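Protein chains: 2
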Amino acid sequence: MYCVIMAGGSGTRFWPRSREERSKQFLTIFEKVSLMESTLKRYSAMVPWKDMYIVTKKNQKEELEKHRLDVPTENLIYEPFGKNTAPCIGLSALIVQKRDPDGVMVVSPSDHLIQAKKHFKKTILAGVRLAEEKDGMVTIGIKPERPSTGYGYIQVHQDIGPVDGMKAFSIKTFAEKPNLATAKRFLKSGDFYWNSGIFIFRVSCFLKEVKTHLPDLFDGLQEIRKHMGKPNYEDVLQNVYQQIPSISIDYGIMEKTRHVYLIRGDFGWNDLGSWDQVYKLSQKDGDGNVVVGDAVMVDVKNSYVYNSKGVVAVLGLDDVVVVHEGGATLVCRRDRAEEVKLIVERLKRKKFAKYR
Amino acid sequence: MYCVIMAGGSGTRFWPRSREERSKQFLTIFEKVSLMESTLKRYSAMVPWKDMYIVTKKNQKEELEKHRLDVPTENLIYEPFGKNTAPCIGLSALIVQKRDPDGVMVVSPSDHLIQAKKHFKKTILAGVRLAEEKDGMVTIGIKPERPSTGYGYIQVHQDIGPVDGMKAFSIKTFAEKPNLATAKRFLKSGDFYWNSGIFIFRVSCFLKEVKTHLPDLFDGLQEIRKHMGKPNYEDVLQNVYQQIPSISIDYGIMEKTRHVYLIRGDFGWNDLGSWDQVYKLSQKDGDGNVVVGDAVMVDVKNSYVYNSKGVVAVLGLDDVVVVHEGGATLVCRRDRAEEVKLIVERLKRKKFAKYR
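Protein chains in written order, with the working numbering: chain A, 1 to 356; chain B, 1 to 356.
Just so you know, not all the hints are guaranteed correct.
The list treats identical chains as one, so a pair stands whether inside a single copy or across any two.
Stated by the list, open to error - Taking lysine-lysine and the DSS-like style, the derived pairs with C-alpha atoms no more than 25 Å apart in a straight line are:
{"#": "1", "residue 1": "177", "residue 2": "61"}
{"#": "2", "residue 1": "309", "residue 2": "354"}
{"#": "3", "residue 1": "351", "residue 2": "309"}
{"#": "4", "residue 1": "208", "residue 2": "172"}
{"#": "5", "residue 1": "211", "residue 2": "118"}
{"#": "6", "residue 1": "184", "residue 2": "211"}
{"#": "7", "residue 1": "208", "residue 2": "134"}
{"#": "8", "residue 1": "341", "residue 2": "309"}
{"#": "9", "residue 1": "121", "residue 2": "50"}
{"#": "10", "residue 1": "177", "residue 2": "98"}
{"#": "11", "residue 1": "122", "residue 2": "134"}
{"#": "12", "residue 1": "61", "residue 2": "341"}
{"#": "13", "residue 1": "301", "residue 2": "66"}
{"#": "14", "residue 1": "341", "residue 2": "354"}
{"#": "15", "residue 1": "226", "residue 2": "280"}
{"#": "16", "residue 1": "66", "residue 2": "351"}
{"#": "17", "residue 1": "66", "residue 2": "50"}
Keep in mind the hints are simulated off the structure, nothing from the lab.
Owing to the predicted nature of the structure, the values given are computational and were not obtained by experimental measurement.
Construct the entire structure; sequences and hints are all you get.
Structure below.
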């Protein structure tokens, strides 16, 4: 069993705390350690450090070095740039394949909040068992708590479990982020789950699926594999990345293959998609505010304030987000926090480059 | 004729740009120079620099030195601390008295916006003429444009003008800041003027009025006068200031004396009482926003943003004020900008001392 922690991300959702070269997983949000470190600790309860890998974009190398804990340097995998999850997992699979062609890979995001750590471990181990038994692609589905329009959904087909005490299903279909009416219907039907972004499979199984459903990517990976350990490896990697399609494992493989299964997860999961979600998950004071760092609040309610330096003062406003870090300040309506990416787009102007 | 520019102020209204040791008059708001420098330039069209004085609190000395233009160092008058306008003008009067006991003093705030500079000069010179002719206390009253609740009002009695082409009146009464209904009544009646805070009088006349209406202050001033130029002057000044009452010239003298007159001023006057007023007087962009410094605005309307360093981004909010300077950030509803002083009060906590 090998864990591959994906640490990509463009650093837009949590701007100005997250930046191009320091995306969400490197932030300390709820715990004393970063989301990345929390994730690594969670998996270190399942596999030894030497069997853990982290895959990220080259430009995040500096941050990653600070947050890798005991993951060996040779297990840090750098993409020249981001091409979504399928190439990222593909590249990682090549590296695991070299050590253990029949190994099982657990591929996981690095920036989610998971509250019930023991239950999480049980779920992942059940997923590993299922991936081995079926020689198929396994995903972890989260029992939805509300009709969220921010997540992708997975509809299950038949109950094939339990596996080590965990509910398991075959899968009928993958659904993109729905509108509210559809999300409500999904919730009511009872057979839809949130797509957690965690995937489990044998390396050999995954590469077979790539060959079938993403032949261009497969050819690219073969090219990379041939040059591993050679002096021109970096150049080949760069070249192949420029040519391969940018596609997610969800759309590229999971939706298309029939060998796909779901283990039900129920471990207090949240993907922390915006400052608003961080607000909602945080402990509030008597005015419904969450204040991190030095701030003065006068007649403010239901707001989130994060300040890393100096002082922030808010007066007479409700339902706002104010975040000040690294010379940049965000002020926004809390219910529009997901649109922070629009700000980051506007920072493409040259004079703002250092705040991207 | 001598001009005494009052440069006190507690630096609360324009926090975080204004601070305890750098109050409003030292800020650059509309022009390329500070409000203080604008004020000095305005009066330098009427009197030579050697006849101009500036009176301020000791703790603003450092800022004042940067903004005094050609006012001679020996004409900078320092109060040990603020005791409102009557003591401040009293101390200045002693110093002018030494040079010219029959001189006429024009006492003026340093932090107001005045748009019609030529008309302003004509008005002041008419005031000087009236003060000499009547040997009385003259104030400049501003024809109100709207029922403001932020200013004191002066009700005129009889037309005694014109004086050098300017309307002049005797005064019936001074009124404190009214509520909106009263302000509307004042505006309708036509015989109420805004109190500009500019006063003109012979030094001898003023000191006589102090003796009559503020005998404690008069005694204190005599004590100070006796020690002028002596080694223990500073100690005496400090002692007297600790004992004299804190009172404005309006309440202490102007309201009480019968020798009081008004020259009508109509020169585009604004006391710049809050960020909201600065917003209202500034040129707006197509969204009704005023942006000074580096900022990114996404779906923001009718807002004021001032940023001296880094970048400020605002998203999805209307009618807000965001000001970032010197490590401090203000975020407030624009129509509550006058309450910024509540924030400054909260900064009395020790850890915030450097942001006061």
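Status of the hints after comparison with the structure:
no.	hint	verdict
1	177 / 61	neither (31 Å within a copy, 62 Å between copies)
2	309 / 354	both (18 Å within a copy, 12 Å between copies)
3	351 / 309	both (22 Å within a copy, 12 Å between copies)
4	208 / 172	within (21 Å within a copy, 97 Å between copies)
5	211 / 118	neither (36 Å within a copy, 84 Å between copies)
6	184 / 211	neither (37 Å within a copy, 81 Å between copies)
7	208 / 134	within (14 Å within a copy, 104 Å between copies)
8	341 / 309	both (23 Å within a copy, 22 Å between copies)
9	121 / 50	within (18 Å within a copy, 83 Å between copies)
10	177 / 98	neither (36 Å within a copy, 82 Å between copies)
11	122 / 134	within (18 Å within a copy, 96 Å between copies)
12	61 / 341	within (22 Å within a copy, 46 Å between copies)
13	301 / 66	neither (36 Å within a copy, 41 Å between copies)
14	341 / 354	within (16 Å within a copy, 34 Å between copies)
15	226 / 280	neither (48 Å within a copy, 68 Å between copies)
16	66 / 351	neither (28 Å within a copy, 31 Å between copies)
17	66 / 50	within (17 Å within a copy, 63 Å between copies)
In the structure shown, a violation is registered for the earlier hints numbered 1, 5, 6, 10, 13, 15, 16, in ascending order.
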